[in-house]
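S.K.: As a plain string of letters, each chain reads:
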Amino acid sequence: MRFAEKVATVTPAAPARRVRSLSDRTIAWLFIAPTIVLLLAINVFPLIWTVRLSFTNYRANRMNVPLRDVGLQHYNDILTSPDVWAAMQVTARFVIATILIQTVLGFALAWLVDKKFRGHGLWTTVILLPMMLSPAVVGNFWTFLYQPQIGLFNYVVSFFTGIPPSSFQMLGDLTLSPWAIVLVDTWMWTPYVMLICLAGLRSIPDYIYEAAEVDRASKWRQFWTITLPMAAPFIMLAVLFRAIENFKMFDMVNLLTGGGPGSTTEVASITLKREAFEKWRTGYSSAFAIILFVTVFGLANIYVKALNRLKQR
Amino acid sequence: MMREPARTSRRKRLSPRGIAEAAATVVIALGVVMLMQPLSLTLYGWSFPTTLVGTVMFLIGSKLPE
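So the protein lines, in turn, are chains A and B.
For the first sequence, numbering that gives the first Met the number 0 begins at 0 and goes up steadily by one.
For the second sequence, numbering that gives the first Met the number 0 begins at 0 and goes up steadily by one.
Hints may contain errors.
As a list, the in silico BS3-like pairs of lysine-lysine whose alpha-carbon atoms are at most 30 Å apart [to be verified]:
id: 1; chain 1: A; residue 1: Lys247; chain 2: A; residue 2: Lys272
id: 2; chain 1: A; residue 1: Lys115; chain 2: A; residue 2: Lys218
id: 3; chain 1: B; residue 1: Lys62; chain 2: A; residue 2: Lys218
id: 4; chain 1: A; residue 1: Lys218; chain 2: A; residue 2: Lys247
id: 5; chain 1: A; residue 1: Lys114; chain 2: A; residue 2: Lys218
id: 6; chain 1: B; residue 1: Lys62; chain 2: A; residue 2: Lys304
Computed from the model, here is a short list of chain A residues facing chain B with C-beta under 7 Å [said to hold, decoys possible]:
id: 7; residue: Trp84
id: 8; residue: Pro228
id: 9; residue: Thr294
id: 10; residue: Gly297
Since the hints were made in silico from the structure, they are not lab data.
Glycine residues also receive a C-beta, built at the ideal position from the N, C-alpha and C atoms.
Same shape as in the complex, but just chain A (with noise of 0.2 Å):
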């Protein structure tokens, strides 16, 4: 019977001999119809705007201004900045120090969590709480945990090195800021990387360590030998992942620095805030909106290209 036939006998008889009528293709329709509509309004239409904007002098700010054609001319300024290249390096530098922490103390724990020690459910789930909240909530207590006054982190610092703990600023000091931020991102998002590699380390199957053991190879030979080699395609998803996630990280920057001091931590997406909400040059962010979002969605192509090959294994 087809759908229609079915959803006809379910029917009351006037909407029945309607439905009757039409075809299983356009009933499918009917139902994703909605759902369509509000992707083009909502991410479609959107970006093709934002598309558009970057060819223009629009300032949203100033929308009696007469649109008027620049051509390419935000790309090359952009491409040509040496502060969106300063930015561009302070995104790398954020990503690749959190990547590297993430990754080791990740997988470090995924590897004791997985031996199953006593109370280690209780353990994990204490492990996962910050990657739980909300990076708002995140921002706000780690402001005030790095208080240089009132906070615990100078006093926990001053406890352990002696130094005193009105003697420096982490959010407010050049060299230490951009360790706060990572040490924040650190603490909250290491528990994802875990998990990952947690299904990495319980996919390998336990007859290969029982064949490494009968041919008496070393644990050290195990976790070289087995365990990395099986376990590198979840490492490698769980670094793509943070790479993506941190190269358009805002929320924790802004609320824990703003960029400062001076542009220490000013990382791409507070340049991109600045140059459109404080500064108004609307087409000039769109542009560097787009440049951004290429970038995301060629790794993000990477990221679904390993997650399939994942799949097949």
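Given the structure of chain A, go ahead and fit chain B onto it with the hints provided.
M.R.: Frame of chain A; chain B shown alone:
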């Protein structure tokens, strides 16, 4: 018996789609590195076209036959 899957996977990797996707991945990665490197403003200037070409290559390549 054990060699068959390896030969199959190599053949799969050498398919037009596999080659196009691998090439596109390299170009995208190159574009991202050029965007974030601290050495040359000229390389930075060419990063966006490179990433864009890589992404378009990937989109077209992923439609090629397996």
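S.K.: Against this structure, judge whether each hint is valid.
M.R.: Do the hints match the structure? See the list:
no. : hint                    : verdict
1   : Lys247(A) <-> Lys272(A) : holds, 12 Å
2   : Lys115(A) <-> Lys218(A) : holds, 17 Å
3   : Lys62(B) <-> Lys218(A)  : violated, 44 Å
4   : Lys218(A) <-> Lys247(A) : violated, 39 Å
5   : Lys114(A) <-> Lys218(A) : holds, 13 Å
6   : Lys62(B) <-> Lys304(A)  : holds, 13 Å
7   : Trp84                   : holds, 5 Å
8   : Pro228                  : violated, 15 Å
9   : Thr294                  : holds, 5 Å
10  : Gly297                  : holds, 4 Å
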